[in-house]
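2 protein chains.
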Amino acid sequence: MKIYKGHLLFTPERTDFEVIENGYVAVENGRIVGVASQRADLDIADGELVDFGDRLLIPAMCDMHVHAPQYRNQGMSMDHELLTWLNTYTFPEEAKFADTAYAECIYSRFVRDLWRNGTMRSAVFATIHHESTRRLMRLFEAAGMGALVGKVDMDRNSPDALCETVDEAVTANESLIAEFSDPNGLVRPIITPRFIPSCTPPMLEACGRLAREHGLAVQSHLSENRAEIALVRELEPMSTCYGDAYNRYGLFGQTPTLMAHCVYSSDEEIALMSRQGVMAVHCPTSNLNIASGMSPVRKLLDRGVRVALGSDISGGHTLNMFRVMVYALQVSKQVSVVTGDKPLTLPEAFWCATKSAGTFFGQVGSFEPGYEFDALVIDDSDLNFDNYTLEQRLERFVYLGDDRHIAHRYCRGQEIKL
Amino acid sequence: MKIYKGHLLFTPERTDFEVIENGYVAVENGRIVGVASQRADLDIADGELVDFGDRLLIPAMCDMHVHAPQYRNQGMSMDHELLTWLNTYTFPEEAKFADTAYAECIYSRFVRDLWRNGTMRSAVFATIHHESTRRLMRLFEAAGMGALVGKVDMDRNSPDALCETVDEAVTANESLIAEFSDPNGLVRPIITPRFIPSCTPPMLEACGRLAREHGLAVQSHLSENRAEIALVRELEPMSTCYGDAYNRYGLFGQTPTLMAHCVYSSDEEIALMSRQGVMAVHCPTSNLNIASGMSPVRKLLDRGVRVALGSDISGGHTLNMFRVMVYALQVSKQVSVVTGDKPLTLPEAFWCATKSAGTFFGQVGSFEPGYEFDALVIDDSDLNFDNYTLEQRLERFVYLGDDRHIAHRYCRGQEIKL
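Top to bottom, those sequences are chains A and B.
Note that the numbering used here has the first sequence beginning at 1, numbered continuously upward.
Note that the numbering used here has the second sequence beginning at 1, numbered continuously upward.
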């Protein structure tokens with residue numbers, strides 16, 4: 001039993017921070033067993049006290065959409081249009097991951113950088129390559145950080161080096177599923193058809209079957225830009241909307257499902273997501289960098305869609321989820337200028353990156369009894385030079401801080417040091 | 001004579017970087033006397049060589065719109081609407097600067113943070129207070145950093161604590177003008193009517209007279225949001241546009257003029273700016289944070305308006321001008337989604353923050369003979385782990401870097417260490 005003391009800030013509800021000044025969190029076997037503002041109220045006789053003093057203790061970040069093999073290209077080629085970006089920089093880079101030594105090199109840096117930025121759980125796209133995907137999963141395991149890692153499946157409209165047969169895709173997936181079979185493991189496979197345009201109907205059917213048979217989560221891209229939506233309409237003429245195309249293959253909420261972007265989701269698509277519990281992953285940095293547009297997150301939330309945030313490296317340029325939160329707030333304000341919708345607030349953005357996203361990993365992302373203890377200790381002493389409130393201190397860290405302010409990182413109760 | 005060696009990247013033209021691998025810059029008395037890719041081509045017999053090895057050497061940043069007294073509130077209260085933000089947080093904070101000890105404390109931090117982020121020249125709003133404005137100017141002088149500092153003038157529609165009489169404003173301005181009278185000084189006064197809504201016609205007349213009589217630059221706010229524009233139309237019914245209102249008082253290009261924002265400038269206003277050489281200061285972080293809207297910078301450039309960038313603390317949340325550049329690119333892409341205009345490119349954003357802004361200080365912001373040597377040495381070794389080109393290295397630093405990557409800072413030929 002460990003008892004952590006610090007200023008607790010977290011979002012049990014979407015709309016507000018719960019703030020416990022000099023509060024206590026008791027943790028046993030990786031899970032929180034008590035939270036209180038007074039030591040006595042914990043009702044726990046003994047336990048080792050870890051006192052973080054005047055520092056902030058917040059849930060760790062969840063990055064719910066990120067392309068690990070694009071890490072080398074982070075913050076690069078951002079002046080190019082989508083197709084040039086994809087064909088000249090992104091696809092050739094992904095093809096390099098046939099080389100597992102190269103993969104090991106880039107993926108090691110990637111995992112370390114997630115850690116550095118305080119992201120303890122993530123949903124990751126790898127590439128089509130079995131062995132390098134396996135290495136990435138082992139790197140997460142070795143670090144002790146949680147991740148859903150997808151071997152990417154694709155078999156059309158892509159360079160030859162990134163196409164595979166359905167059989168190859170199924171064999172590779174099944175091998176990874178067998179190897180990472182512990183349902184309580186921190187690192188788990190996730191079924192990852194890249195998106196409708198790069199998957200034939202047999203590939204999508206195979207993906208749906210794998211998800212169903214193994215009870216695995218699914219991730220893909222949805223309604224990111226208008227040209228993509230038009231293409232999906234051509235490719236799947238029987239579907240009533242882009243989301244419905246996934247739905248027909250059992251890839252839209254039949255098992256837990258993440259859909260990145262949702263910039264242009266129709267009312268019908270939003271209703272389907274809400275009804276089937278599909279989680280939208282808002283990637284504001286990417287949407288701005290690649291000129292996709294601005295996702296109407298308030299509308300998604302109002303209609304009952306689950307929402308998380310993603311860095312979407314390398315469409316997005318930063319792995320820092322606090323910075324991604326700031327962009328989510330800014331995009332939402334800009335949407336509000338046009339639509340009149342109420343903009344997101346900081347507690348809401350924080351909730352998206354912690355408790356809302358955390359539902360995808362079980363009970364993660366909040367400081368409540370039963371939740372796994374994923375936490376960051378924030379030393380904001382250089383930012384806290386006046387009598388700021390605890391909520392103002394957190395806001396200033398979110399807007400102004402960086403990895404230098406993250407003093408400790410915990411995942412499932414373990415301090416992670418890399 | 002000093003000769004600096006490193007990878008030079010700068011923007012003599014708006015559209016492209018000039019890249020000189022292992023290049024040389026010769027500096028004498030603060031000014032560049034030669035730039036070459038070979039030592040021999042400098043045609044300079046002797047000079048002390050300072051070799052920066054594999055590091056990048058770029059012009060230092062210019063922040064052309066920033067409110068120093070709002071520094072304490074940076075990255076705070078961003079969930080509030082403009083009026084709450086202004087009345088609850090901003091105006092009460094500015095009123096504190098009647099206390100010069102408080103001013104000294106906040107302004108010291110502010111100047112140090114500009115330095116930390118590589119900004120060697122800035123155009124700064126202080127408050128109405130003479131003595132604390134004077135202290136800010138002395139702090140810049142002591143640091144050796146260039147600044148145009150404005151004692152803010154305002155006498156209506158503002159809290160009593162921030163209103164003054166026209167006579168008081170004129171006296172305070174004249175005192176500062178007399179004290180900082182060296183036209184070649186790094187720190188100079190700039191005439192700063194806050195904006196039309198907070199200045200009566202006699203105050204605006206006095207400001208115009210001060211600028212004209214002393215040959216001083218002018219800075220203010222222009223067309224930031226729609227409610228403000230409507231108010232100006234009421235207050236100045238004879239003016240054909242917001243810019244014309246300044247123009248009638250001699251505050252719109254009669255002397256060098258900075259106008260922050262220009263989000264909603266009409267065609268007429270843009271034409272007037274272009275004709276009279278008024279420089280628009282684009283503040284994309286602030287425009288997003290306060291939900292002002294998105295400035296059509298491509299249109300401004302196409303119509304011949306001079307454009308610079310500003311952090312606009314604390315409407316903006318970061319003093320890092322590289323991050324402001326990224327936002328300028330992102331906002332421009334989002335504007336392009338709506339208008340079809342060609343988005344800004346990285347060289348263009350860089351040019352706005354260096355050579356274009358630098359015209360306001362004489363010859364600053366480029367590595368060309370005759371220019372003052374304002375420079376940053378960038379150590380991007382942790383970002384440069386693969387065979388990136390020099391331009392890619394610069395782009396990655398702009399998107400991913402921070403103050404840790406700035407190894408040295410020069411202003412007017414002097415290395416600045418704080």
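I should point out that these hints are in silico values taken from the structure, not numbers from a laboratory.
Hints may be right or wrong, so weigh each one.
Said to hold, decoys possible - To be clear about the criterion: a stretch of chain B counts as covered by chain A if any three or more of its residues have a C-beta under 8 Å from a C-beta of chain A, and this derived list gives those stretches:
1) 71-85
2) 343-356
3) 392-398
As the list claims (entries may be wrong) - Covered by chain B, according to a simulated footprint, are these stretches of chain A (three or more residues, beta-carbon under 8 Å):
4) 66-80
5) 323-330
6) 388-399
To be verified - Cβ-Cβ distance ranges computed for the label pairs, FRET-style:
7) 339(A) with 230(B): 45 to 53 Å
8) 416(A) with 381(B): 55 to 63 Å
9) 302(B) with 101(A): 18 to 26 Å
10) 182(A) with 96(B): 15 to 23 Å
11) 234(B) with 416(A): 55 to 63 Å
12) 131(A) with 382(B): 25 to 33 Å
13) 277(A) with 266(B): 45 to 53 Å
14) 416(A) with 38(B): 32 to 40 Å
15) 304(B) with 81(A): 23 to 31 Å
16) 302(B) with 363(A): 52 to 60 Å
17) 168(B) with 81(A): 50 to 58 Å
Glycine included, every Cβ here is placed at the ideal spot set by N, Cα and C.
Check: When the hints from earlier in the document are held up against this structure, which numbers fail?
Finding: Failing hints, ascending: 7, 8, 9, 10 and 14.
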